[in-house]
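A.B. asks: Line by line, the protein sequences are chains D and Y.
Every letter in the first sequence is one number past the one before it in my numbering, and letter 272, counting from 1, is 272.
For my numbering, count along the second sequence from 1 and bump the result up by 431.
Hint data in this document are derived by calculation from the structure and do not stem from the laboratory.
It cannot be assumed that every hint is accurate.
So the derived list for chain D, only partly shown, Cβ under 8 Å to chain Y, looks like this [said to hold, decoys possible]: (1) 171; (2) 241; (3) 245; (4) 344.
Just so you know, even glycine gets a beta-carbon here, dropped at the ideal spot from N, CA and C.
2 protein chains.
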Amino acid sequence: VEAGERLRLIETLDHLHPADIADLLEQIDVSQRERLIELWGKDLNPEVLSELEEGARDLVLATLTPDQLSSAVQELETDDVVYLVEDMDEPQQEILLDALDDADRVAVEQSLTYDEYSAGRMMQREMVTAPEHWTVGDIIDFMRASDDLPEQFYDIIIVDPALKPVGEVRLGKVMAHPRTVKLSTLMEDEFRTIPVNQSQEDVAYAFNQYHMIQAPVVDEHGRLVGTITIDDAMDVLEDEAEEDMRLLAGVGDEEISDSTWAIAKRRFPWLLVNLLTAVIASIVISLFADTLEAVVALAILMPIVASMGGNAATQTLTVAVRAIATRDLTASNMMRVVRRELVAGTLNGVAFAIIIAIIGMVWFGIPMLGVVLAIAMVGNLAVAGLAGILIPIALDKAGADPALASGTFVTTVTDVVGFMLFLGLASALLL
Amino acid sequence: VEAGERLRLIETLDHLHPADIADLLEQIDVSQRERLIELWGKDLNPEVLSELEEGARDLVLATLTPDQLSSAVQELETDDVVYLVEDMDEPQQEILLDALDDADRVAVEQSLTYDEYSAGRMMQREMVTAPEHWTVGDIIDFMRASDDLPEQFYDIIIVDPALKPVGEVRLGKVMAHPRTVKLSTLMEDEFRTIPVNQSQEDVAYAFNQYHMIQAPVVDEHGRLVGTITIDDAMDVLEDEAEEDMRLLAGVGDEEISDSTWAIAKRRFPWLLVNLLTAVIASIVISLFADTLEAVVALAILMPIVASMGGNAATQTLTVAVRAIATRDLTASNMMRVVRRELVAGTLNGVAFAIIIAIIGMVWFGIPMLGVVLAIAMVGNLAVAGLAGILIPIALDKAGADPALASGTFVTTVTDVVGFMLFLGLASALLL
Numbered sequence: 001v002e003a004g005e006r007l008r009l010i011e012t013l014d015h016l017h018p019a020d021i022a023d024l025l026e027q028i029d030v031s032q033r034e035r036l037i038e039l040w041g042k043d044l045n046p047e048v049l050s051e052l053e054e055g056a057r058d059l060v061l062a063t064l065t066p067d068q069l070s071s072a073v074q075e076l077e078t079d080d081v082v083y084l085v086e087d088m089d090e091p092q093q094e095i096l097l098d099a100l101d102d103a104d105r106v107a108v109e110q111s112l113t114y115d116e117y118s119a120g121r122m123m124q125r126e127m128v129t130a131p132e133h134w135t136v137g138d139i140i141d142f143m144r145a146s147d148d149l150p151e152q153f154y155d156i157i158i159v160d161p162a163l164k165p166v167g168e169v170r171l172g173k174v175m176a177h178p179r180t181v182k183l184s185t186l187m188e189d190e191f192r193t194i195p196v197n198q199s200q201e202d203v204a205y206a207f208n209q210y211h212m213i214q215a216p217v218v219d220e221h222g223r224l225v226g227t228i229t230i231d232d233a234m235d236v237l238e239d240e241a242e243e244d245m246r247l248l249a250g251v252g253d254e255e256i257s258d259s260t261w262a263i264a265k266r267r268f269p270w271l272l273v274n275l276l277t278a279v280i281a282s283i284v285i286s287l288f289a290d291t292l293e294a295v296v297a298l299a300i301l302m303p304i305v306a307s308m309g310g311n312a313a314t315q316t317l318t319v320a321v322r323a324i325a326t327r328d329l330t331a332s333n334m335m336r337v338v339r340r341e342l343v344a345g346t347l348n349g350v351a352f353a354i355i356i357a358i359i360g361m362v363w364f365g366i367p368m369l370g371v372v373l374a375i376a377m378v379g380n381l382a383v384a385g386l387a388g389i390l391i392p393i394a395l396d397k398a399g400a401d402p403a404l405a406s407g408t409f410v411t412t413v414t415d416v417v418g419f420m421l422f423l424g425l426a427s428a429l430l431l
Numbered sequence: 432v433e434a435g436e437r438l439r440l441i442e443t444l445d446h447l448h449p450a451d452i453a454d455l456l457e458q459i460d461v462s463q464r465e466r467l468i469e470l471w472g473k474d475l476n477p478e479v480l481s482e483l484e485e486g487a488r489d490l491v492l493a494t495l496t497p498d499q500l501s502s503a504v505q506e507l508e509t510d511d512v513v514y515l516v517e518d519m520d521e522p523q524q525e526i527l528l529d530a531l532d533d534a535d536r537v538a539v540e541q542s543l544t545y546d547e548y549s550a551g552r553m554m555q556r557e558m559v560t561a562p563e564h565w566t567v568g569d570i571i572d573f574m575r576a577s578d579d580l581p582e583q584f585y586d587i588i589i590v591d592p593a594l595k596p597v598g599e600v601r602l603g604k605v606m607a608h609p610r611t612v613k614l615s616t617l618m619e620d621e622f623r624t625i626p627v628n629q630s631q632e633d634v635a636y637a638f639n640q641y642h643m644i645q646a647p648v649v650d651e652h653g654r655l656v657g658t659i660t661i662d663d664a665m666d667v668l669e670d671e672a673e674e675d676m677r678l679l680a681g682v683g684d685e686e687i688s689d690s691t692w693a694i695a696k697r698r699f700p701w702l703l704v705n706l707l708t709a710v711i712a713s714i715v716i717s718l719f720a721d722t723l724e725a726v727v728a729l730a731i732l733m734p735i736v737a738s739m740g741g742n743a744a745t746q747t748l749t750v751a752v753r754a755i756a757t758r759d760l761t762a763s764n765m766m767r768v769v770r771r772e773l774v775a776g777t778l779n780g781v782a783f784a785i786i787i788a789i790i791g792m793v794w795f796g797i798p799m800l801g802v803v804l805a806i807a808m809v810g811n812l813a814v815a816g817l818a819g820i821l822i823p824i825a826l827d828k829a830g831a832d833p834a835l836a837s838g839t840f841v842t843t844v845t846d847v848v849g850f851m852l853f854l855g856l857a858s859a860l861l862l
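The shape of chain D in the complex, shown without the other chains (with noise of 0.2 Å):
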């Protein structure tokens, strides 16, 4: 990109979504995103910001100077904007908060007061509400007078005098009634609250579950404090899932954009782990170096049954997982779950006990190895499904992420049960 060519740059990017400006962002390289941002300047969309991953904002931020800050903030809405202050320090959180109007800032900083990934982090302040004994007609009017309304709303809330959210009237509805026809006698059915300090994860497995637009959020003692639309509970829904993925794999929160540098370093603690367990199953190995000595079979089948193990345990174990973040898993249906696990590791444990019994015995020509072989698959499968859904579950029990049972944990499980079974057996009946 040259100089000379900043228009015709500015005119192409106006064209683009602030989303995908954001991703075009994050997918050049660091030195390119900076001649970039310089070049953009003044005229940078200050949504392209809250669009931005945390690694490529802060570069996008640092080259920002106050002014472009300030401005770029004021068009934002207030849980864009504590979106962005959040992760800053304090210097920078301060030039932003002046920036802000008094409302504004007032409404970011009692948001900031909310734990991160409560729902008062989530909600914004913008919303519609209406008191009971309002018609069609008033709220129109209302509508119509004010000159601030939210961008994003799909409800008009209505509250009691205390400020306590009574119902909500989908605008579908008001539309479609008589300015004389009273907003109380359109409320929907149903109709949940969500209390502030709720966690995200919970706010966005309501929206999911109960198919929510929106909803209004309440402190402790029932009084409206904001609103949360189903576009941030999307947001939370998809980086749960994510998240849950990436734990099973031992990956931290990394982005696409990070440096070779970050994702080496954040690999590593994972890595290292797993170092530790597969050293416990080496040991384990190691009590049976004269068995392996006296049949060099074992040593070229021992991948097999620790592979079979972990995969089956690895398959139960993203079951569980998944089940566990949709509630699909509860304390009606453990004991059923587990049981089952149990059975269907033990039913394909026998199933691939003959496949592989024919293989080890083809192989190497030796009957009882097969034997061996049958023996520890069925066993480590069986175990295999039990590793897999009494881990997580123990760890959900314990208010750990059931995620964090990764791989890494209950495959050491497998692999030693499944060294143990199959190096011991080799001993005892082939020696």
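For this one, chain D is given, so just place chain Y on it according to the hints.
C.D. replies: Same frame as chain D, now just chain Y:
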């Protein structure tokens, strides 16, 4: 649940949201499920049907009489009916379709002509449209006069005389302006239509990326045929993330409500694939049988090399699969990301080479064993990085789902390379 308690049961269920009832039905076991549905019978809320997973739904449908079924479907929106009907066999479909009134029947049959997993299947027919010359007053009068407005809609779709959508107006905006204002002056700047044949995945991506709430669906001539709302997109978005996770773990489309037999059968094919790939790794090991017999330490340490490679590959793979799904990995940054994975893999390879070399030397007292381990570790982690990124990219280019590159395949590559390097070097340097 006793027969006499029927009334109490119905009362309890009446207070639950259909989605919660569906979850309850999925969580109890099959015989309880049958009893409950028999008891509940004609009072069944039709919306429960569209919340159920396929397996549980078939069971519920089977216990309902044709009369119950017909009255149930008449209350549903067309997209929910399509969702129910698409998995049924012909005679059952007929019964359901006959229960609909003519207009709905045509709409449902039309939807069924579109590809499964396409926008045409997701969309609903119920929507509110207005010609370009209408004013705020016109649409309000139209809506007040209409007695069949859709349950969920957030935008008025503005169409030209050829029924092509030209823009959309948010309900909030309509209400905020006087009756004389023309709707065409209130249209959103951003306006995206969805082709009826677009894949569900692409539709969900667009909703998420552009924070859309509702979008018109158009046929190949650009004419309006339906509309998709954000709650439908949210369902798909979650399904897609979950599908990636399941594919990566080698689990099919199973549900927590499936029977033991069903899950054992569904997991078998993937375990069989894994067995074949594990046998390939074993064949590689068998090439070095003499070396293993001579140095039993190799058999003991072998799983560590394989395990580290497998884990590093899974990390890269997971990030790559998600990045492809969210369109963050594109042609423009592909080379950079591939290079990054290779370098990051090598960096961690060097770090762990040092650690593992020390472990190898101290444990077995053979300095050269440390050297062999170190070289194998660097090579294996570098290959893990490459395989983890290149295999999903290749699958994507070939038009397959990149998540198919699951653990099993990528791990085979790292196993084979790891064993080759480790045992090959050992043969050369230790014997």
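A.B. asks: At a threshold of 8 Å, is the proposed contact between residue 344(D) and chain Y supported by beta-carbon distances?
C.D. replies: This interface hint holds because 4 Å falls under the 8 Å limit.
A.B. asks: Please check whether residue 241(D) passes as an interface residue: C-beta within 8 Å of a C-beta belonging to chain Y.
C.D. replies: holds (4 Å)
A.B. asks: Measuring from the C-beta of residue 171(D) to each C-beta in chain Y, is the shortest one below 8 Å?
C.D. replies: holds (4 Å)
A.B. asks: At a threshold of 8 Å, is the proposed contact between residue 245(D) and chain Y supported by beta-carbon distances?
C.D. replies: holds (5 Å)
In this structure, none of the earlier numbered hints is contradicted; all agree with it.
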